[in-house]
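Student: Next come the chains, spelled out residue by residue.
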Amino acid sequence: MTALGRGLLAAAMVTLPFWLADPYYLHVVIMAGIFGVLALSLNLLLGYAGQLSLGHAAFFGIGAYTSALLTLKREWSFWPALAAAIALAAAAGWIIGRLALKLRGAYFVLVTISFAGVISLVSVNWIELTNGPLGLPGVPAPDLGPWSLRTKAAYYYLVLAAVALSYAVCRRLVRSRIGRAFVALRENEPLAESIGVDVTHYLVLAAVVSAAMAGLGGSLYAHYTRFVSPEVFLFTYTVTMVIMVVAGGKGTLAGPLVGAVLFTALPEALRLAASWQWQMLAYGSLLVLLVFFLPRGIVPQIVASFSGHPRSAPTSRTPLQ
Amino acid sequence: MDQLLQHLVNGLVLGGTYALLGIGLTLIFGLMNVVNFAHGEFYTLGAYVAFAALTLAGVNFIVGILAAIVAGAALGWLCEVTLLRPLRNESIDTTMLVMIGVWIAMQNGELLVWGGVAKSIPHPFPTAPLVMGPVAIAPLRVIVLVLAVGLIASSWLLIHQTKLGRAMRATFQDRDTAALMGVSIGRVHAATFAFGSALASAAGALLGPVFLAYPSMGDLASLKAFSVVILGGLGNLTGATVGGLLLGIAEELGAGYISSGYRDAVGFVIIIMVLVLRPSGLFARQERIG
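Listed in order, the protein sequences are those of chains A and B. 1 is the number of the first residue of the first sequence in this note's numbering; add one for each residue after it. 1001 is the number of the first residue of the second sequence in this note's numbering; add one for each residue after it.
No lab work stands behind these hints, which were simulated from the structure alone. Just to be clear, a hint being listed does not mean it is correct.
[Claimed, not checked] What follows is a list of derived Cβ distance ranges for each label pair: (1) B:Thr1177 with A:Val303: 39 to 49 Å; (2) B:Leu1112 with A:Ala12: 37 to 47 Å; (3) A:Arg172 with B:Val1117: 44 to 54 Å.
The beta carbon of each residue, even a glycine, is placed where N, CA and C say it ideally should be.
Next comes chain A alone, as it looks inside the complex (with noise of 0.2 Å):
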């Protein structure tokens, strides 16, 4: 993208509440962006490191019960919530890169799955603490200051300002030696073992940075919905946190953002034409037809069309090695 689209972009996303004033839009592009920090998130595992967690709910609910129950039990307010969201989630990816640092593909899959079943069944069951399936509602508005960030408005520049953090996150570890170990781990293991890239290192890593990231979304969501239930958990979330990093690209730094906006604006938009099982039913047939004809997903895809390289570059369908 040239400079002059970037900051077009970018003078769009700023003033976008004075040009799109009405609500619902505003709140489907709040919830793109809460799933853009999501999908940010999951990206740094399957796109960069190589690995699938679908078990990305987990550390999304971590972060908005954390959020939730501090803000309203101990009635800390947003910012330490916020923090506590990201640090627990964190520790929660530290867990869960520590047990299943050995595993790879589908194990290392069955083992977030695990986990995220297990937080989901405690947080049905601990009712002293969660509240059981009726959920905890009431959650708090965020503060800045003397403002409150009440208005659909302000939790936008907020949600805003937590996708470009996120971004920015992302930019500057993919772009760095760690990165590189990432995508080194990632093309092939053994090599990149050899020439001393520590694998438990990284791959812990990855999976802290990226749980925390899911965190921080977790945490937004509460405090936009004001509600939180198990209902967080639910797998759902991760199966549209992997459609969107697959459809948008995997592996790369806009994908995810696009995939996110994408796959938020269009549910909204068939909403009126389909059911949500209709819709759910399309998502299913959808990952199936993307990874037989765009396995590489969109960015990528029109990156290579732009470049005037029509798709030189060998077109695996193997996405994930």
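Dock chain B against the given chain A, drawing on the hints supplied.
Tutor: Relative to the frame of chain A, chain B by itself:
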């Protein structure tokens, strides 16, 4: 003590169907190297086919179960031929994503067809439990256990006594050599997937009348099947049989002595513990890490 016996009997009934699920998945996973997240959806399919056959068509109970097995095999075959065959030489992650897509699509298809309300599957057996000393068991559960054991035994015969079974075992050991020896890999894969799906479907048709049929029942079934496979070791029929029974009993004991709310956590904890502590499974020496 009496309670323990009761839990063991209940666990055995559950375990028999878990073994069916596990055998199906361990064959698919071990032989085709496909991480079949849609496995539980075939379990759901079985329950709904049995429901449709028994209520709408009003057929005999055994015919309903047979219908479920046939439907599972047919859809499994279709799935292999259309989705997995073109991707046979792709990485395990690619097919895993496809099967996750199939999982979501099938589950929501079932939700659309049958609605979200749980359905009770009728059965012709008396509801009064058979009492043997301290243990009481519903006749339906006895039938379920007997049929499950019968199906497990048939799978054993198929794998160990038939030509197809021999081809399957050869493919599991070394696909390329088996192909050189004239084994049609395509046919073996299609048969394996159809067979594994039929077993999952049978498990659903058997457990459906014991519990209820609802669209998301397959999620937990998939994860239980995976815990059985992980317990028993990949592609290990004995392991899957024993692992299934162990999981069923462990769940019953967990629900009975710890908390019924955490019944389903047993499978998750088994997955994590076994993979972390003894990644090759309890019964196999197969390498699966790295």
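Student: None of the hints should be skipped; say for each whether it holds.
Tutor: Hint check:
{"no.": "1", "hint": "B:Thr1177 with A:Val303: 39 to 49 Å", "in the structure": "holds (42 Å)"}
{"no.": "2", "hint": "B:Leu1112 with A:Ala12: 37 to 47 Å", "in the structure": "holds (39 Å)"}
{"no.": "3", "hint": "A:Arg172 with B:Val1117: 44 to 54 Å", "in the structure": "holds (50 Å)"}
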